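Q: Going down the list, the protein sequences come from chains Z and E. According to my numbering, the residues represented by the first sequence are 5 to 265, in order. According to my numbering, the residues represented by the second sequence are 2 to 272, in order.
To be clear, the hints were calculated from the coordinates, so they are not data collected in a lab. Treat the hints loosely; a few may be bogus.
Stretch by stretch, here's where chain Z covers chain E in the computed footprint (C-beta under 8 angstroms, at least three residues) [to be verified]:
1) 104 to 112
2) 198 to 206
3) 225 to 238
Some residues of chain E that are not near chain Z, with every Cβ distance over 12 angstroms (derived) [as the list claims (entries may be wrong)]:
4) Pro22
5) Ile26
6) Asp35
7) Arg67
8) Thr117
9) Ser120
10) Gly138
11) Asp157
12) Gln163
13) Pro166
14) Gln169
15) Trp181
16) Gln182
17) Ala216
Dumping the calculated SDA-like pairs for lysine to any residue here, alpha-carbon to alpha-carbon at most 25 angstroms [stated by the list, open to error]:
18) E/Lys259 to Z/Lys162
19) Z/Lys162 to E/Ile57
20) E/Lys82 to Z/Tyr142
21) Z/Lys141 to E/Phe189
22) E/Lys78 to E/Ile108
All figures in this text were calculated on a predicted structure; none of them were measured in a lab. Each residue gets a CB set at the ideal place from its N, CA and C atoms; glycine is no exception.
If you want the building blocks of each chain, they are given just below.
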Amino acid sequence: MTAFIQLDRLSKHYRDNVVLENLSCKVAEGEFVTLVGASGCGKSTFLRLLLGTESVSSGQLLMAGKPIEQEPSPDRGIVFQRYSVFPHLNVRENVVLGIEFVESKWLGRLFGKGRKEALEKADELLSAVGLEQARYKYPHELSGGMQQRLALAQALIKKPKVLLLDEPFGALDPGIRKEMHDLVMGLWRQYGLTIFMVTHDLKEGFHLGTRLWVFDKVRHDPHAPNRFGSTITYDLSLQSKDKALTIAAIDEINAQLQAVE
Amino acid sequence: MRRLINLQPNRVLKIALGIIPFLLILLVYQIGSDIRKAENEQDKLLPSFAEIAAGINRMAFEPSQRTGDYEFWEDTKSSVKRLSIGIAISAVIGLVVGLAAGAIPMIAAPLSPLITAISLIPPMAILPVLFIVFGLGELSKVMLIVIGVSPFLIRDILQRTQELPREQLVKAQTLGGNSWQIILRVIFPQIVPRLLDAVRLSLGAAWLFLIAAEAIAATDGLGYRIFLVRRYMSMDIILPYVVWITFLAFTLDWCLLKFSRVVFPWYHAEK
């Protein structure tokens, strides 16, 4: 397996608080990794390391052989649970912004022909996520699910290599969530993305990914709960044909998560 | 019987209940005026409504014998001009400095403590300094408003800028925006309606500083007039002037709110 993202004895701590310790893993291009675990287990911290808003304390986090940039950049798109879209721009303008930032260095805004071309590109993506009817609406006029669709379209216009999803559907109704799952699976195949998705919902994790990581603490010190950090306790390939094995693993992980909570 | 906390006045009742206190004040005033007039017909403390109307007429609709101007309108013009220039300058300072400091930590670090210190200086205490430095002309009156209001605006805008969801700024970076583009396209448009809110909140203070400055050194203006006629105990002029100032303040506030609602509907929908 050629590693696209590589974790090499990676640790993250804030002063005395150890969040992640000793993570080593390889992820190939085009994988869909879902990250589950109890709250506070460091899965979101790991996502922020990938995003570049946090830096590793020791070890290495490599993308295509190079350490990940210490700043968010266009090759790693993100969709948060909330606040991913800009409330002062309408749906189209939200998507076009990604093009305008590149093509208009000083104004960050396109006019005339350039704008028209950019809008056409945006419209293509909007129909890919099913928002063509809502082109002129503002985010406050959209439902939660539609806002997340918009956030996806925004991210995809940059053609990112990696797409990071931080509990993107956590605030949505179960019915809408199902639709969004189908959408994300479709986009993942269509754009050949490498996806890392944090979720609370174990079932969602199994259903969506090609690979499931469970974050948990291996060692506990009852007198100093922050002494030890989490690591990846399970790294399951969800593409294996052996369903029985997977189902057994679900039960075990479920029991473990419940014990922690 | 429903609980008192659940009883809502309907539309008509709500309006009626809103008007009643104003009518009561007028009534109490009328009674008070009548009582004093019965004792002394020359009483100037609580002039009758007829006297007040005559006062308004004299100031607003008859040219002054001394200058030939309609003093009420001249006063209004000067005061509103000083106020709007002062507010406009303060708003620009508040926006530029507050936004820069709120968006760029390297600017906030040296500025923030300074602004906090400056905003604690009572502006009235440095009014004499302004008169000495800027003279007794228009500039010192405008400067008092600017000095009084802009530190508040800067601090408010700084805070509003820092309150924008962190997620949005990260998202903008993943869309390839540089610092300047993000400030221009993401932060600035979202801060403008918040600036209007802050300006509305600072209007009261701005009027206070304007009237104080006019009372001390001016040759026209609403504040100047009130303090001038005080020497003759002309309540028939002071009272309508106060009502007029209140009305102007209300109108300005209302216009800013309307403007904000029309131009930034997404902002008001969000709240």
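Q: It remains to establish, for every hint, whether it holds in the given structure.
A: Verification of the supplied hints:
1. Only residues whose C-beta sits within less than 8 angstroms of a C-beta in chain Z count toward coverage, and the stretch 104 to 112 of chain E has 0 of them, not enough to reach three; the restraint is violated.
2. Only residues whose C-beta sits within less than 8 angstroms of a C-beta in chain Z count toward coverage, and the stretch 198 to 206 of chain E has 0 of them, not enough to reach three; the restraint is violated.
3. Residues of the stretch 225 to 238 of chain E with a Cβ under 8 angstroms from some Cβ of chain Z number 0, which does not satisfy the need for three, so the listed coverage is violated.
4. The beta carbon of E/Pro22 sits about 37 angstroms from the closest Cβ of chain Z, which is more than 12 angstroms, so the claim that it is off the interface holds.
5. Here E/Ile26 stays apart from chain Z, with its beta-carbon at least about 41 angstroms from theirs, past the 12 angstroms limit.
6. Consistency note on E/Asp35: stated as away from chain Z, and its beta-carbon is indeed over 12 angstroms from all of that chain's, at 56 angstroms minimum.
7. The claim that E/Arg67 lies off the interface holds: its Cβ sits roughly 53 angstroms from the closest Cβ of chain Z, which is beyond the 12 angstroms cut-off.
8. Under the 12 angstroms C-beta cut-off, the non-interface status given to E/Thr117 relative to chain Z holds; the minimum distance is some 28 angstroms.
9. Taking the minimum C-beta to C-beta distance to chain Z, about 28 angstroms, the non-interface status of E/Ser120 holds against the 12 angstroms cut.
10. With a minimum CB-CB distance of about 40 angstroms to chain Z, E/Gly138 clears the 12 angstroms threshold, and the non-interface call stands.
11. The claim that E/Asp157 lies off the interface holds: its Cβ sits roughly 19 angstroms from the closest Cβ of chain Z, which is beyond the 12 angstroms cut-off.
12. With a closest Cβ-Cβ approach of about 14 angstroms to chain Z, E/Gln163 is found to remain outside the 12 angstroms limit, as its non-interface label requires.
13. Listed as a non-interface residue, E/Pro166 fails to keep its Cβ farther than 12 angstroms from every Cβ of chain Z; the least gap is roughly 4 angstroms.
14. Not every Cβ of chain Z is farther than 12 angstroms from the Cβ of E/Gln169; the closest lies at roughly 6 angstroms, contradicting the non-interface assignment.
15. With a closest Cβ-Cβ approach of about 7 angstroms to chain Z, E/Trp181 is found to fall inside the 12 angstroms limit, against its non-interface label.
16. Its beta-carbon lying about 4 angstroms from the closest one in chain Z, E/Gln182 breaks the requirement of being farther than 12 angstroms from that chain.
17. For E/Ala216, the shortest C-beta to C-beta distance to chain Z comes to about 42 angstroms, beyond the 12 angstroms cut-off, and the non-interface label holds.
18. Proposed proximity of E/Lys259 and Z/Lys162 is contradicted: the alpha carbons are some 38 angstroms apart, above 25 angstroms.
19. At roughly 67 angstroms between alpha-carbon atoms, Z/Lys162 and E/Ile57 are farther apart than 25 angstroms, so this suggested pair is violated.
20. Restraint check for E/Lys82 and Z/Tyr142: the C-alpha separation of about 37 angstroms exceeds 25 angstroms, so the hint is violated.
21. Of the supplied pair hints, the one linking Z/Lys141 and E/Phe189 holds, its CA atoms being roughly 21 angstroms apart against a limit of 25 angstroms.
22. Restraint check for E/Lys78 and E/Ile108: not satisfied, since their Cα atoms lie roughly 39 angstroms apart, outside the 25 angstroms limit.
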